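Participant: Chain by chain, the residues:
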Amino acid sequence: MTAFEPWMLLVVSVLVFCVGLLGLILRKNLLVMLMSIELMLNAVNLCFVTFSKMHHLLDGHLTVLFVMTVAAAESAVGLGLVIAMFRNLRSVDSDQIQLLRD
Amino acid sequence: MNEVIHTLMPWLVLAAGILLTLLVSVIRVESKRPAQISALLTLVVTGVLSLQAISLPGEAIFAGSIEVSSLTRILLALFSLIGILFVLGGDRYLGKERIHLSDYYHLLLILILGAGIMVAAKDLVVLFIALEVMSLPAYTLAGFRRNDSRSNEAAIKYFVLGGAVGAVFLLGSAFIFGATGSTLFPSIHEWSRQSTTGGNPLFAAGHFLVMVAFLFKVAAAPFHFWKPDVYEGAPTPVTGIMSTLIAVASFVTLVRLVHLPALDASGWETYATAVKVTIRSLAVISLLVGSLVIITQKNLKRLFAYSSISQTGYLMLGLLASLHPGQGISPVLIYLFGYVFAAVGIFVLMTQSEPRGDTGVELVDLTGLVKRSPFRTALWSILLFSMAGMPFTVGFFTKYLVFLSSVGTGETPLVVLAALCAVVSAYAYLRPIGLMVMRDADPGAAQWGGGFWSQFVVVVSVIAVVFLGLMPNAMIHYLKGIPLIH
Amino acid sequence: MITSMILFPLVGFVINGLWSLGSARSGRRVPPSVSGAIATLAMAAAFVSALVARSQLPSDGAIEVECFRWFTLGTLAVDFKLRLDALSSLFTLVITGVGTLIHLYSISYMSEDEGAGKYFAYLNLFCFMMLNLVLGSTLPQVFLGWEGVGLASYLLIGFWYREEANVSAGQKAFVMNRIGDLGFLIAMFIGFKYSGSLDLAVIEKAVLPGAVATSFVLLVFLACTGKSAQIPLFTWLPDAMAGPTPVSALIHAATMVTSGVYLLARLSPVISQSASGMMVIAGVGAITALITAVIACFQRDIKKVLAYSTVSQLGFMFAACGVGAFGAGVFHVMTHAFFKALLFLGAGSVIHALHGEQDVFKMGGLKSKLPVTFWTFTAGWAAILGLPPFSGFFSKDEILHQALVSRSGSGWVFGILLIAAVLTAFYMTRLYLLVFFGSPRMEKSKFDHAHESPAPMALPLVLLGALSLAGGFAGEPVHLPHPEAALSTPAWVIMIVSVVVAVLGATIAYRRYAGGSASAEPATDVFRIDAIYSRVFGGGLRATASATGWIEERVVQGLIRMVAALTDLSGNMIRVLQVGSAQAYLLMMVIALVVMVLYFLKGMVQYGNL
Amino acid sequence: METSSSLSFLLTVPLLALLISWVIPKALQRLYAIFGSAMILALTVYETSGIIFSVSTEAAKAFFVDQRLEWVPELGLSAGFRLDGYSAWFLVLSALTTLVAFCVRGVWYRKQPRLFVSMGFFLLFALNSAFLATDLITFYLSYEAVFIPMIFMVGIWGENQKASSVFRFFLMSFAGSILMLVSMFWLMSLHHGATGQWSSHLSDILGSVSSAQAGDLVWPCAGFFLAFALKVPLVPFHGWLKDVYVNAPMPGTIWMSAILSKLGVAGIIRFVIPLFPAVLREYQGILLALSALSVVYAALLAVRSDQGKTLLAYSSISHLGFVMLGLFSLSQEGVNAAMLLSVGHAVTSGLLFFLLHQVEERTGDTSLNESKGLASSFPVLFTGIFLAVLASVSLPGTLNFGGEFLVLLNAYRASALCTILAGAGVVLGAVYMLRFFQRLGLGSPGSAGPVEAALKKDLSMTDILMVALLVGIVIYGGINPGIFMKG
Amino acid sequence: MDFPLLAFSVFSTIAILGSLLVILKKNPVSSAFALVLVFFAFAGLYALLGAHLVAALQILVYAGAIMVLFVFVIMLLNQDEPTHDLEATGMIYRGVAVLAVAALSAVLIRAVLSSKSMTPTGTLTDEKIASLGGNMKAISEQLFTDRIFHFELTSFLLLGAIVATVTLAKRKGHSEEGGV
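Chains as they are written, first to last, in our numbering: chain A, 1 to 102; chain V, 1 to 486; chain H, 1 to 610; chain P, 1 to 487; chain Z, 1 to 180.
It should be emphasised that the hints constitute simulated quantities derived from the structure, not laboratory data.
Among the hints, erroneous ones may be present.
[Claimed, not checked] Okay, the calculated beta carbon distance ranges per label pair:
#1 H:Ala77 to P:Gly472: 22 to 28 Å
#2 V:Thr273 to Z:Val68: 30 to 36 Å
#3 P:Ser211 to Z:Tyr93: 55 to 61 Å
#4 P:Phe35 to H:Leu7: 46 to 52 Å
#5 V:Asp442 to P:Gly193: 26 to 32 Å
#6 P:Leu206 to H:Ala77: 28 to 34 Å
[Stated by the list, open to error] List time: in silico DSS-like cross-link candidates among lysine-lysine, alpha-carbon distance up to 25 Å:
#7 V:Lys371 to P:Lys111
#8 Z:Lys170 to V:Lys32
#9 H:Lys444 to H:Lys367
[As the list claims (entries may be wrong)] To give an idea of the chain H side of the interface with chain Z (calculated C-beta under 7 Å), a few residues:
#10 Leu587
#11 Val590
#12 Ile591
#13 Val595
#14 Val597
None of these values were measured; they are calculated from a predicted model.
Even for Gly, the Cβ is constructed at its ideal location relative to N, Cα and C.
With the hints as constraints, model all of the structure from the sequences given.
Facilitator: Here you go:
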């Protein structure tokens, strides 16, 4: 059995990122889609921190702080959009918004 | 610190203007005029200050994460100008659509700030934050007609796809950070010069992901799907801002990101080839998609969405040329500037049609315009000619430079394809003129009418288009001198 | 003098043309007698000039008058230059002389016609062009005249343009001539390519390589078959009788149609270089003479008979040229001009008297009614039969003789011509008897009203009659190189033979038609050549044009439509991807991303990192 | 410099006329247009008199003018113009054609006449600029600028099917010209590679092209060729022509057939032949065959046309095939002959369309399905038509004869077969032109609406003067064709 | 099995399974709770890497703030019921999506694995950080010196987000009926 090494976390992070992406593609519920975006951002955070560790740097940590802020702001706006949509359509299903096409 | 303040003055003024605008709109909640005037003032001062400082030398500040140079200043000035034009030109539309709120100006200013910083960013993290500063207001503005489900739809599509792509960008940045140990452009550049192996898969994947994120932003096919839908759903002035301001900022950033590693460094030949092939194929796909689909469109906003997809294709030609040694990026810049002048006029003209339900401006609304409004027909025609790249409009020279530089770098087959695509899309630009000139007004055609300022903006844009089409010297001369990458 | 010779008709044309045009716009009418007088005077003046010029002509030289430089291009320089020598002098005399008479004749013939001014303008134009043709010293100049007379012919055939048939006949003449003209053009190109000049004087002396000479000769001859109505391009001439009868006399009998002979004679040194070309000319001439003579026997229209007769006589001339006897050919041109013009004018007089009746089976017994016409016609008849001492005898006899004895001649040419001569005697006698003898077969009133033509019409008849009678004694008017004789058959043998065949033909006709109560024969298109032509060439042209139309519609336009449709289709196919669902967009983007990332990373393999 | 001012003068006068047209009252627009274009014609003749009336090419050379103004130095763009033996005549022709086109009465003088007149003058300006240009890009710009008024002209005053035809016209021409632009870029890059300087001036480009491999030049040459073949047009690039000619308002048709087609001819003379001699020589057989094919193919289409305008449209292609035949004989003589025939075609087709419009004005249709017998009602008009028909069938003594004769003469030296094939066009030309005349003018006058026709008048005095001028040129050119060959 | 490996195994398993739960649960509320689980697992992983500040913030910001926001909105919009949107998509669509994302993850994992043998570029080893006064102090120092611009920029991001949210959530005047 090998010892723990930071690169293993990279694999985890990529997997979580891809799961988030998959969620975004498969789910039509906008709330779950927003959560999937959060998953993706979290995965990237892990990636940054791991690389920091591997490089003996702290830049990654700092970046994570900013990404967290961005994530918060983004969810706020995203949820605002969902609420606006719910007002009009009484639904949070993205299948309801396929008026614009072709 | 004083020096930093001096260097960043236009940006700081813009930031201060945002706060001022917020303040005045809080003081007089019932009226949107104070916010409007404050926004205009802010933009004028920002623009003037950046133009005034334009010839100052470039300077990297904040540990190299920001670089203020002639290019960033002139871009900020351009963004301010676009902002001013759309504040003036969108005024009537907003009133008409009952969405004239102070918030519009707050968001617009924050968007411009984000774009202004994004083009100055020399750090992937700053770039990401600035991108979000620009994007969050953009998503919101796209959904600004809150009671219109189309507007909601546009905003949500824009948001979901933009959010995902933001994450992709960030993942790419993380990979680059992992590969190089830094997120600063100069350090990455330096790293690439020292890496004799010509990159590694981690860097390649990271570089590719950040490029893809901005290929999405500039809507290079096959990453273009969001654009027609969002363009159609968003309020027309916002579509205009997306098509001009955000497009310019995104493309300039894309160019920067493509040039992130030193592609001419030894050992990077294979890598450079791979980048070129990628750009070339995306250029081809964008040109084909843009020009083939545009001819099937009936809604003007969708039509110009596809138009901007094919414009991206032409721009990618310029980008591709810039990847060859000894070639500058000036064709791309000139193309962007020329495109902006015509696009502002076109989108403001579009706001002049009276609302007809929620479908926006359809081609049928243009029928018989020459009889109803000959002057407006002339304005339309000139702007559309510029879009088609006809001589004596700025659109000709912009295409000219891009094609010339591409031919000069041996991309002649690609240019031939681009030229043929230009012919195909010329049909789409010509058909509206045909409808205006050759057909009688359809009974369902919308009425047209614009306020003074709206018409003023269009006339300014037409004058710019024609003047630069006849006398492109100044623009070309100036933009030729600007190096993009230091 | 030469210049004035061609200028007089031109002046006449311009005066009459502008005058009639101007009066047409204002609605007034030019008095026919005045315009006729102008035109006739112009021609008379030209005739006088021609006579004077003839008198100034040195015995075996030429007079040249340079008018102006027409065009130069590279090494090619074409002057507008008039050249008078014995050959062209003869033609100018015939043209202006016969021309003057016919103009004179026309004054009263056309006195009733509202378009008389135009008519005389056209006639003058014709003479001007014809003089250009024979006086031109370069091939382009000859070609100018060549096409110019074609134009005048077109105008005059279709002179009464309200009848579709007349117009069609004119068009047919013009187009068939054009086919020949194409040969002329290409012959010029060949001539220029091998001699470096288009000057007749140079080309005459040019020595062309064998195959080139043959193609040159054949192309020139193609031009001649068009203008002089030989096989295969002869069918226009009978139709050309749609024009006024004096026109038929002048253009389609005496002058224009003989220009082919002129051209061959003019180019005789080059023509003689190609033996096979000569053989073709002789053969075509002889066969034309025979076939059209046969056709003439079956015609009812008096002018058609004369037209086929003209073609047949032209065949004689070409046969002469073909055997190398250019002099004999030209001689026959001259005598033929006299007697055929006479015959046509006589026919015109008859038609005039019968108010437009042209069917010989509706004539008869006019001998007493039209004495002048009858007697002059008799002279013409005798001449064409070749009865001594009438002019035709000398020239025809010369042709027959040369056909037999010359080196290029042969027995079969002689034989065919001999048969043609029999037939000529037959149909002319048939015509002669049906018109003037027997009992009248037209309505009584017509017969009663028939009267002799007025003096301006009679005078030319008489003069031409005299020429037909005596013209032959002049002998060969131009001394062109004689062909070497291969046989030594004495001339008198041929003379006797030719008189015998003429008498033979006449006798057969006499036995058949002298009864005076000849039953009407249906006009038969014996060989149906016209019908075949119109089916093959007219139909062929229509079919080709339709095929081209099909290609244009289906292939050229179809291709354009297809490109447009394909563009539209591919646009719509790409548009299908725009399904409107953000998830689907994302999926498509991910797929694109995977494909591109795979490609992008592929390049990394070489570093061993993957 | 006195000489170079004449060029600027020739270019600015039409623009001046355009500006003045905006202050002229609507009712006087036609008068102004005729007067203005006549003045421009006179001025053009005066300014170019040194060349056009000189006795020989050598004498004319003293009056050739070269002018080069800096425009966008960063891109090596200059406004290069050259007045020489070819462009002088093209200038005269464009002024003449404009005069003829303005003479035509019609709806354009009732509906937005000011726009029509100013577009006409703009067209003249663009044409002059294109004919004079020696800078590749200047040429391209002017060449494209010619489209714009043409599109509007068809669009605003055209017939029913105008939209699709004008799009087709525009797109096909644009496709050609933009590929030409790409070829220009290729040449400019070549020059840049050789000298390090950007330039688009012909004289500079010529220097570097001569050192290039002939094989490399095939595609650039094809780009130019395609543009001009579409413009002239040469079969099989003629698909746009018929519909546009038929649907365009008559002045537009006159401009297109008489002078726009000459843009292609001028382009080949000025650019293609000097730039790509080796390539042309290599493909000469194909080029000659295409030209000959044009002649015959279009003539066959003309034979079966049932509309006057269609017939003239196809006849125009057919005649231009002869012009191309002359150009592609690739000799100085051939080019001069083509020039001569170009003049002839311009004058003749202008005259024919002009008179056809007079017929249409009087009877309302120009169908050729049955004979109309109009000649007796309008003798002067039909005399004019007949003279034009004669010129069109290249009867000796007309300008066209000299052209066609010399073209064929020179082409014969290059390819006997193609010449003979093209010669068939001479015969077919007679077939369809005579049919044209016959169906309109001859036959019994009772057949097609002559009652109404008889009420109307024959040609007016100005029209007669116009016809006389054109016929005069045709006949004078028939007698002294050398005046048109100063190249 | 040493502790780090054990901790890694536990936390990463929770993270991956949790994230799968997020996207597969039918009820948005369940998804939200699975997401909280993932956040905690990530915090554990951060702690494992010695990123204590980040671990703490992960709990505070994500689990504390963002999740509350989500749950609040779910409740506000009455979305705490199972949805069937996942089944709404076609089999082919789902198959293609899974394949595409799997291919992408394979490529990305291939790429990150190339960093195994990477040489560190920085000097801030764990010991060095400890000597500087710990993770938090070192980060804070950088945050307010080199990264001050980032920091200030985020303030405008938040400002934008506030304005945006206010704009979107604001009810229109009296004319607008209904609403949440």
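Participant: If a hint holds in the structure, say so; if it doesn't, say that too.
Facilitator: Right, here's what the structure says about each hint:
1. Between Ala77 (chain H) and Gly472 (chain P) the Cβ separation comes to about 25 Å, which falls inside the hinted range of 22 to 28 Å.
2. Taking the beta carbon of each, Thr273 (chain V) and Val68 (chain Z) are about 50 Å apart, not inside 30 to 36 Å as hinted.
3. Our hint of 55 to 61 Å for Ser211 (chain P) and Tyr93 (chain Z) holds, since their Cβ atoms are close to 60 Å apart.
4. Distance hint for Phe35 (chain P) and Leu7 (chain H): a CB-CB separation of about 38 Å, inconsistent with the stated range 46 to 52 Å.
5. For the hinted restraint 26 to 32 Å between Asp442 (chain V) and Gly193 (chain P), the CB-CB distance of approximately 53 Å leaves it violated.
6. Leu206 (chain P) and Ala77 (chain H) have their C-beta atoms about 31 Å apart, which keeps the hinted 28 to 34 Å range intact.
7. Taking the CA atoms of Lys371 (chain V) and Lys111 (chain P), the gap is near 11 Å; set against the 25 Å cutoff, the hint holds.
8. Under the criterion of a C-alpha separation no larger than 25 Å, the hint pairing Lys170 (chain Z) with Lys32 (chain V) is consistent with the structure, at around 16 Å.
9. Between Lys444 (chain H) and Lys367 (chain H) the CA atoms are separated by roughly 16 Å; this keeps the pair inside 25 Å, and the hint holds.
10. Interface hint at Leu587 (chain H): satisfied, since its Cβ lies 5 Å from the closest Cβ of chain Z, which is below the 7 Å cut-off.
11. Restraint check, Val590 (chain H) versus chain Z: the minimum CB separation of about 5 Å is within 7 Å; hint holds.
12. For Ile591 (chain H), the interface hint holds, since its Cβ comes within 7 Å of a Cβ in chain Z; the closest pair sits about 5 Å apart.
13. A least Cβ separation of about 9 Å between Val595 (chain H) and chain Z goes past the 7 Å threshold, and the interface hint is therefore violated.
14. The beta carbon of Val597 (chain H) is positioned within 7 Å of a beta carbon in chain Z (closest approach about 5 Å), and the interface hint is therefore held.
Going through the hint list in order, the structure does not satisfy hints 2, 4, 5, 13.
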